[in-house]
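Number of protein chains: 4
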Amino acid sequence: MRAVTYQAPGEVQLDERPEPQLAARDDAIVRIEASGICGSDLHIYHGRVKIEPGFTIGHEFVGTVIAAGDDVTRVKTGDRVLGCYHTACGTCFFCLRCTYHKCDRMRTFGHGAALGSLQGTQADQALVPSANLTLRKVPEGVSDDVALFAGDVMGTGYHAVQEAAIRPGDSVAVLGLGPVGLCAVQVAVAGGASPVLAIDTVPQRLEVAAAFGAIPVHLTEQNPRQIVKEITGGRGVDAAIDAVGHPDALDLAIRVTRKAGTVVAIGVYAEPCQVHMGLVWIKALGIRTGHANVIGHVDRVLGMLASGALDPRPLVTHHTSLEDAPEAYAVYDRREALKIVLTP
Amino acid sequence: MRAVTYQAPGEVQLDERPEPQLAARDDAIVRIEASGICGSDLHIYHGRVKIEPGFTIGHEFVGTVIAAGDDVTRVKTGDRVLGCYHTACGTCFFCLRCTYHKCDRMRTFGHGAALGSLQGTQADQALVPSANLTLRKVPEGVSDDVALFAGDVMGTGYHAVQEAAIRPGDSVAVLGLGPVGLCAVQVAVAGGASPVLAIDTVPQRLEVAAAFGAIPVHLTEQNPRQIVKEITGGRGVDAAIDAVGHPDALDLAIRVTRKAGTVVAIGVYAEPCQVHMGLVWIKALGIRTGHANVIGHVDRVLGMLASGALDPRPLVTHHTSLEDAPEAYAVYDRREALKIVLTP
Amino acid sequence: MRAVTYQAPGEVQLDERPEPQLAARDDAIVRIEASGICGSDLHIYHGRVKIEPGFTIGHEFVGTVIAAGDDVTRVKTGDRVLGCYHTACGTCFFCLRCTYHKCDRMRTFGHGAALGSLQGTQADQALVPSANLTLRKVPEGVSDDVALFAGDVMGTGYHAVQEAAIRPGDSVAVLGLGPVGLCAVQVAVAGGASPVLAIDTVPQRLEVAAAFGAIPVHLTEQNPRQIVKEITGGRGVDAAIDAVGHPDALDLAIRVTRKAGTVVAIGVYAEPCQVHMGLVWIKALGIRTGHANVIGHVDRVLGMLASGALDPRPLVTHHTSLEDAPEAYAVYDRREALKIVLTP
Amino acid sequence: MRAVTYQAPGEVQLDERPEPQLAARDDAIVRIEASGICGSDLHIYHGRVKIEPGFTIGHEFVGTVIAAGDDVTRVKTGDRVLGCYHTACGTCFFCLRCTYHKCDRMRTFGHGAALGSLQGTQADQALVPSANLTLRKVPEGVSDDVALFAGDVMGTGYHAVQEAAIRPGDSVAVLGLGPVGLCAVQVAVAGGASPVLAIDTVPQRLEVAAAFGAIPVHLTEQNPRQIVKEITGGRGVDAAIDAVGHPDALDLAIRVTRKAGTVVAIGVYAEPCQVHMGLVWIKALGIRTGHANVIGHVDRVLGMLASGALDPRPLVTHHTSLEDAPEAYAVYDRREALKIVLTP
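Chains as they are written, first to last, in the numbering used here: chain A, 1 to 344; chain B, 1 to 344; chain C, 1 to 344; chain D, 1 to 344.
If we strip away everything but chain A, and leave its shape as in the complex, we get (with noise of 0.2 Å):
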């Protein structure tokens, strides 16, 4: 079968590969329909995260059960499924208090040894163990495109909001508009936040965020402090949640979060830096961090997308075949896109 696979800095091709062979009895093999290129895939592209030459990337999918262990019992052989991105042992200290995105056995596909060695799935065929919590049905009338997101980027976005700890009717900011941002304002819109600012640097995504329903903010060319103020009274925001990953967008969500708020870093942070503690302190902030914890969220946000409450469609900006992998990656890499959907 073909496979997209990890090269070296800046080159990914096109191999043979192959078929992935059931091992345990909660695997399943899924032929890929639909797969997306992520934020995570331009981390390694660019070789800051390292893998192995030769492996298998990527991790958003959809497609349908072609076998399944004997122990798989929530989808089965012909189910078309979307995949989380990472699997679960649903048994370890993690599992068992729900932050899966923590399991101790967790394996993340297309990561290399480093998360697993578990191939990814841009491909024609992908192995997905622990399937009864990796795997779910794609409910009728949702396409290829939107279920794509239930497992990663939109049940990311979705976790943001929920480490928000917001009720309907708080205010929130997202900082960073590419698809993780851009998920998280439309759940905080969905779930009632009101009002929510969206805060970047690109006008298209901040005319995406706007129809969305959030109040877009331009970093540079617009005052995001001073708006945050006249807009909450002074206050700031209940909860401001930073897309980025990078000391300036923590420092701002910091600065625009009232007391006693909340800061979720959901930007990938990988090295120490410089945090206004003093501030954070002074303003009783919380923090949180990390992954998301997808497969805790994936039936609420299918049901949400099913439902239409959630629909990551705008953010589909390219669809491509698997061939064109290469070229794909070089666009994304030149920001160009904001989704890029391979299908076979």
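Calculated directly from the structure, the hints in this document are not laboratory data. Values in this document were obtained by computation on a predicted structure and should not be read as measured data. Among these hints, one or two may not hold up.
Copies of the same chain look alike in the list, so a pair counts if it fits in one copy or across any two.
Claimed, not checked - Below, a list of computed lysine to any residue pairs in the SDA-like style, where the Cα atoms sit at most 20 Å apart:
| id | residue 1 | residue 2 |
| --- | --- | --- |
| 1 | 229 | 124 |
| 2 | 259 | 115 |
| 3 | 229 | 69 |
| 4 | 76 | 165 |
| 5 | 50 | 222 |
| 6 | 229 | 306 |
| 7 | 259 | 272 |
| 8 | 50 | 210 |
| 9 | 259 | 167 |
| 10 | 76 | 64 |
| 11 | 76 | 140 |
| 12 | 137 | 31 |
| 13 | 229 | 215 |
| 14 | 50 | 11 |
| 15 | 259 | 10 |
| 16 | 259 | 235 |
| 17 | 137 | 97 |
| 18 | 137 | 202 |
| 19 | 229 | 307 |
| 20 | 50 | 10 |
| 21 | 76 | 93 |
| 22 | 259 | 271 |
| 23 | 259 | 270 |
Given the coordinates of chain A, assemble chains B, C and D onto it according to the supplied hints.
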């Protein structure tokens, strides 16, 4: 000044009363510009809730502050304001836990000596104690009809959904589509619940619920239990809200809720009744009850009314002058109205 | 092997049964070294809970793993383990929300076909499905008598206190001082509840509760409602735990709980009954019900048993060999014992 | 009357001051019978926190109400009371969310114009605004030394544990065993945390922590990270409390906390600093910060002090008369005392 007073079961009249005077330093006097007739008023009208003949009734109000004590800081003379249905002390055991609806010194407008001897708001003016907690400025652009809901009916719908402890994407059934039930439907939808089922016997109310985004279910012409099963894959809804206050509604709420789900009895109960505790127990349900904590919710509700996320205008079926209050009560009693707004 | 089996109301006997065999890959076989007789066993003994004649009973156990399927990772052959009273799948809707006690595929040991046809643990050996969730290693230094409580009775006391949603310094009343009630007392005290009132009619049980740090209150010789009032300044306790499962206990729990407080019905209800919903409603109580989520609590309970923060040894009144199980049931039925431990 | 006043860095003196007079209707005047010297006072003493020369310092106090405004209802003249370290308005956005420590109108005793120009309590008398929120009656049998802790240091320990969001049986590490750290240790143990590790470099403090039920760990002579690993099976503690307020402490807290756990920075931060956000993020930690919400906790803390569940007496190392306050500050500055109580 003029005031609508209770006289006897089935009899209210417009009386002349002296204008209220400031007594405590956190009192305000509000010139009433709109006051609603509520289901609770009907309990008084029917004589089921006993109050003294001659007592001024009404507890929903919008108006303008015409006098304020020295300690009133959140609003000032000239402000257009809305009120909550009750006062709170802000310092007792219950206020310290933000359960203002159970304040040890709470007084409810227009409910006679039993609830604090606080004259009602269906009048030209009203004395408002604990004004810092009870009053809020009406945001720009919010009409009287809309603002009127913040401190009572929509606040109660918000409370019901809050107690349901749901997250975006969870399913909800609302039983009983009077004003509170319809407000609960609207809050649930605005808060991302999906699906929201709305159950009643009155076609017009089912239509309003459908327009608010709910799935309407006729209580007797359809089979609510069967429909809930079909929609939830046999499981039941995550939460059911009983906005009726009758053992049959509670029983249905218990039956349509999934294992480990939540039943919220926001409808009023005043008597002992039969509850299928065996069913409650084997399903491990949680049950939440009681009046709404509107003071705890009013800022969020107001924000959502201002943004249009909540819009109760379809519930306002009648506008009447204070003079015609007796006739308005008769109309309301004949169930010909959802919400009647009295204006000077 | 030998197994205690239900025969008819009031009749259990020691039978010879074939040794269990591994079937699923996450099964384990445990050689039983201690098994408790529980109030639930008495319901079977009385014929109120129907099971098939000849079915092996018992669901509390400590022992040694003598065989384990390939997917069993949390324990291994030779490990000294304790079990939870039921199994769980780890992947259904309810397990995904950490409500393992409502798992769609749960099976309860020793409760016949109605609860999953899983033979009981009052036997020489037991088959333990979903061993990764159901079994835990017994920590060093924890005796059989103590470990036995983690997966059932103490887990249930822990659950009751957890559902009470109290914080250190909150007041609690426990109604009914059987093993579950006494365990709830101990967990409440260990968790910082203060004061903890313990209500029953049996002097010895009141003494045990007092030794655990509670204020003992005789149900009929004293006036529990009056005493609660005096101790709480007239307000009522923050939470009351009904460990009886009788409408009178529920009614008393409702009456002694403060406004906006919580009533936990951990005692078993199987029938409809009269509940003073008017009182519940005007006090705005929350009610929590159902079986205990012991799989969700067992690690914490075990830690507290290991540290001595919890110590159920005063509850163990009898040790008996498996041969004498029929007599032990008769003793338990005569209410002459709190906890009887059966050993081989 | 006499009052301890700040003069210059390293210099406090006993001055004569006019007795305070009631101004607002919810003011009270308290004759001070005991006042503590706190770590915050030391910041003033060192000149790091700037206040006006001549300002009366101190914010922990027990005494007797000698005058009260008409609106003071929770205490009355003649009552023996304790105070919280700050006032609150009870009606602002933050008070309405029970976050009294971030009240928009809060004033802190003895901290100069920057925190509300409220004279301190190391004096013969003190003016206490918002007395209904700030004062509590001292329960029978609670000594001055014990009551003194409720409104500041023990309230802060309680807050730290509350923010840690732990349940009975969860593990906790407390870093820094000054008075706040030791109080946090005591609250954690009293609330059922197990195990509680207590980390510091001072042997006497480690001994006190051990006497409170914690596992003492010497910061430099032992290896805290290694010990946490061993005790938690390699996983890390569920929550770590940084009671130091230094980047090194925060870093250690981050390192010893398990994935998806909580770090509480109760120690004071005033500056930007380096935080290993990469580590925080990959572990998906939550961080909680800020002053303690003692008004929100004081009733529970008082109850636990009255029952003996909490007992801070081992922390009181010195008693001194008001006259000797200058020497007492010098002693405290030399770290020769844990808690010094000033009496008239």
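Copy assignment of residue 259 with residue 272, given that the CA separation must stay at most 20 Å:
between (25 Å within a copy, 17 Å between copies)
Using 20 Å as the alpha carbon limit, work out where residue 229 and residue 215 are close: within a copy, between copies, both or neither.
within (14 Å within a copy, 39 Å between copies)
Intra- versus inter-copy proximity for residue 97 and residue 137 (alpha-carbon distance at most 20 Å)
between (24 Å within a copy, 18 Å between copies)
If the cutoff is 20 Å on CA atoms, where do residue 259 and residue 10 land: within, between, both or neither? Let me know, please.
neither (44 Å within a copy, 32 Å between copies)
Indicate which option fits the pair residue 259, residue 235 if close means a Cα-Cα distance not exceeding 20 Å: within, between, both or neither.
within (8 Å within a copy, 33 Å between copies)
State whether the alpha carbon distance between residue 50 and residue 10 is at most 20 Å within one copy, between copies, both, or neither.
within (12 Å within a copy, 55 Å between copies)
Homo-oligomer pair classification [residue 31, residue 137; C-alpha up to 20 Å]
within (14 Å within a copy, 41 Å between copies)
Please sort residue 76 with residue 93 into within, between, both or neither, judging by C-alpha distance up to 20 Å.
between (28 Å within a copy, 17 Å between copies)
Go through the copies and call it for residue 76 and residue 165: within, between, both or neither, with a Cα cutoff of 20 Å.
Answer is neither; intra-copy 36 Å and inter-copy 33 Å both fail.
Alpha-carbon proximity context of residue 137 and residue 202, limit 20 Å:
Answer is neither; intra-copy 35 Å and inter-copy 37 Å both fail.
20 Å Cα cut-off: does residue 259 pair with residue 167 within a copy, between copies, both or neither?
Within. Shortest intra-copy distance 16 Å satisfies the 20 Å Cα cut-off; inter-copy 24 Å does not.
Identical-chain pair category, residue 229 with residue 69, by Cα at 20 Å:
neither (56 Å within a copy, 29 Å between copies)
Consistency note: the structure conflicts with the earlier hints numbered 1, 3, 4, 5, 8, 15, 18.
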